[in-house]
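Enquirer: Here's the letter readout for the chains.
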Amino acid sequence: MSDLKLVDVHKSFGDHKVCEGINLSVHDGEMVCLIGSSGSGKSTLLRCMNLLEDIDEGEIFLDGMDISVPGLDPQPIRQQIGIVFQSFNLFPHMTAVENVMLAPRRIHKKSRAELLLEVEALFSKFGLADRMQNYPDQLSGGQQQRVAIVRALAMQPKIMLFDEITSALDPELVAEVLDVLRQLRSQGMTMVLATHEMNFARELADKVCFLDGGRILEAGTPEAVFSNPQKPRTQAFLQSIL
Amino acid sequence: MSLSTLTARQAHAQSVRKRSTTIAIISTTVVALLIYLLVPLAPGWPAVKKSFFNAEIFIKSFPTLLEAFLLDVMIFLWCAPLIAILGLVIALCRDARSPALYPLRLFGAIYTDVFRGVPVILIVYLIGFGVPGLGLSRPWNSPYIWGSLALILTYSAYVAEIFRSGIESIHSSQRAAAASLGLSPSDTMRFVVLPQAIRRVVPANMNMFIALQKDVALLSFIGPVEILRQAGVYKSLYANFTPYVVAAVIFLIITIPATRLADHLMSKQRRERS
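Chains A and B, in that order, are what the protein sequence lines are. Read in order, the letters of the first sequence correspond to residues 1 to 242 in my numbering. Read in order, the letters of the second sequence correspond to residues 1001 to 1274 in my numbering.
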């Protein structure tokens, strides 16, 4: 089971309201795409889901448990909800394999030897078998981002969040990262993506949410949102990027 | 066509380079020559030459002063690691974020304020004379212990600030990445932030340790017969200041290469980060 449910989530930075009453359900095995222009609140929403930001009002439930209770220890929750960032955020002083093994070693207290088998399997699955001993600055952007995904997966999370993970990549490197997402999708990983890759969202998402000014303006199947948008704002946004 | 313009450009660049080298050589020679010719014209020059640059005394005092300098090096060698450790601890105190640890934070702030705010020589006097004044028995009244402690306390305050600036220079996205994996704040500091921060401040810390090597000479004021004090002894013995020049030369033999190395590391780091 891995259900995520947001109920009336509000979040502001000072006077700036970033999320204004977000309601969203992500069911087990679903892939939900958040679309919308920069500054519409997609990233902040993802960061709230994995408790990197505290929300001001509302509730977030993971498998029915309220994880937004003030004072709750965020660490066990974050271990179940992986996030991958736009700018990779690999640890530059560690090799790819060290990046991936750090958290499982410290948190699951697994030995290096027993972890290495699992981690090696992950690396080869995503075409990185020969890159394990490289430092991040010896890898291309696409490779770095795939290592970042492997790093999050190594914690065996229930849900994965992806924050515009292809936006910082050269166009020719985008495909290799999207392929990884495709692979995860086919294995039934529950995923939430903030993305500008509309074709990808259209092809694979179960649900697409259009965010504008901190609200979900329109949500539904890709078909409904992309082919038959109801709100003028959604229509304008889609027209401007397609 | 492009080939000929390129060579014209290269020829021009080369002539500009050549001209600046020539100008630099000429101006340096002129200044050196002026110093060489004019300084001896000063009325006191023969006396200064005799009492500061006496070759015979220079040669006679050099071996003993070099030996005395080994004491400076030894004091440096046991102070340096303790300074690095204490500096790191103080920096971590100042970075403590939980409210329960506020006293540590306050302690760190007061510590760095106090020890950076008082001249080193005063700390050396106060601790070097003050603590043994409590009537401690040997070996606990040794000026080596308390003089070293004075240096350790002072320099760890500076080093702590350098470490803290290193810690703060690590982008918040690194902490966010570590936190998002479920790492605890202390693991995040230990495995993610500190290793990067420490590497980043190596050149700045090297400059501190070069300064420390020089300030070890301050311990001469409370007893240990290290190079400065030994030079003073020779000065009285020969009624000549040349031993001080010898001491300066010996310091420079160590500090100039070290300074160059620190500068080199610093500029290398700047290049890498830009």
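Check before you lean on any hint, since a few could be wrong.
[Stated by the list, open to error] Partial list, computed: chain A residues near chain B (C-beta under 8 Å): (1) N50; (2) Q79; (3) H93; (4) L102; (5) K158; (6) P171; (7) L173; (8) V174; (9) L184; (10) R185; (11) H196.
By construction, these hints were calculated from the structure, which means they are not laboratory data. Just so you know, even glycine gets a beta-carbon here, dropped at the ideal spot from N, CA and C.
Enquirer: Compare the structure with each hint and give your call.
Expert: Right, here's what the structure says about each hint:
1. N50: 6 Å, holds
2. Q79: With a closest approach of 3 Å, the Q79 (chain A) hint holds.
3. H93: 5 Å, holds
4. L102: 6 Å, holds
5. K158: 12 Å, violated
6. P171: Constraint on P171 (chain A) not satisfied, violated at 23 Å.
7. L173: Because about 20 Å separates L173 (chain A) from the closest Cβ in chain B, which is outside the 8 Å limit, the hint is violated.
8. V174: The hint is violated - V174 (chain A) has no Cβ within 8 Å of chain B, the shortest such distance being about 21 Å.
9. L184: Violated, about 17 Å.
10. R185: 21 Å, violated
11. H196: Since chain B brings no Cβ nearer than about 20 Å to H196 (chain A), farther than 8 Å, the hint is violated.
Violated hints, listed in ascending order, are 5, 6, 7, 8, 9, 10 and 11; each of the other numbered hints is respected by the structure.
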